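**Q** So the number in the numbering used here is just where the residue sits in the sequence shown, counting from 1, plus 1.
Hints were generated in silico from the structure; no laboratory data involved.
Bear in mind the structure is a predicted one, so any value in this text is a computation, not a measurement.
Please note: incorrect hints may appear among the correct ones.
[Said to hold, decoys possible] Between beta-carbon pairs, the in silico distance windows are:
no.	residue 1	residue 2	range
1	R123	I251	19 to 27 angstroms
2	G150	R282	27 to 35 angstroms
3	P175	A155	18 to 26 angstroms
4	A28	D266	36 to 44 angstroms
For each residue, glycine too, the CB sits at the ideal point set by N, CA and C.
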Amino acid sequence: MTQFELDDTDQALLAEVRRDGRATYEALSLALGLSRPAARARLQRLLDAQVLSIAGVVHPSVFGLAAYAHVAVAVDGPVLPVAEQVCAMRDAVYVSAVAGRFPLVAELRSADHDALADAVRRIAALPGVREARTAVYTEILQHAHFPPGPYQPAAIDDTDRALLERLQRDGRTPFAELGAAVGLSTSATRTRVLRLLESGAVHIGALVQPDALGATRMCGFQLTLDGQLADKALAAVRDLREVEYLASSIGRCDAIGTAASPSADGELRFLETLRAVPGVRSVESWAHLRLLKEDYSPAAAVSRRVGDGTSVLD
């Protein structure tokens, strides 16, 4: 993907649509100090260049998923045959081959902790797996595919699910078009979507492609924290511009994260900054070599086949 240069106005626009992907062009124009046509053109240019997409991110609890974990897998022999088996698991929403102490990492999302434990046991029992080390998430602090606000459980019917499915594909789909698809009036559709947004069932925002902005190197990291400074340390790490993902955890570490950097030097600078954060006692990192699966939909399926040569930078 060609690197895209963003100016200050583009950066401000990204911040606005990350907060509210359905912000009107009038609201965007006021926030940016532009005319409505200029705001529309700016956003369309970023969409056309595939710098970002605007989509609804549905809270996993809506799908009955309430327990999440990161699993690092030690393997005897080639890793890809093991990875293919992990990719086939519905609980595995993210699977990546990496360079590090463990050659394979996965994120699991399960209905409850019993189901999560069963998924970990199934990974540990796969042929070729020597060890599966687990970090159970206590809170997801930053993630493009996880709504940023609290979720207030509410009844979700088939019409709501149909709306959520369409918003996942295009978060800026007009209310009239959504209504026509599910058999509701525009006003009834607006009411439903606003209710889903207010409950935290879905967040509509911009999903940014790091490689389009020159951040072509992805590294994962796990942290051991000073218990008394843990909250401040996590807040400081979350605010680092390179951090794409961060979760607090219990188990093999106190936090798990992913960062995007433009180069090996940039990656080193980030890790040095991370090590210097007050409250961070130790950092272990790994380089993502090939993203094998990333699918946060309710019916998780293998989204990228293991042997097709797809890399994390494609």
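**Q** Honestly, do R123 and I251 meet the 19 to 27 angstroms range at C-beta?
**A** At 21 angstroms between Cβs, range holds.
**Q** Okay, G150 versus R282 on CB: inside 27 to 35 angstroms?
**A** 30 angstroms, holds
**Q** For the range 18 to 26 angstroms, tell me whether the beta carbons of P175 and A155 fit it or not.
**A** 24 angstroms, holds
**Q** Could you say whether the range 36 to 44 angstroms given as a hint is met by the Cβ separation of A28 and D266?
**A** With a Cβ separation near 39 angstroms, A28 and D266 satisfy 36 to 44 angstroms, so the hint holds.
When each numbered hint is compared with the structure, no violation occurs for any of them.
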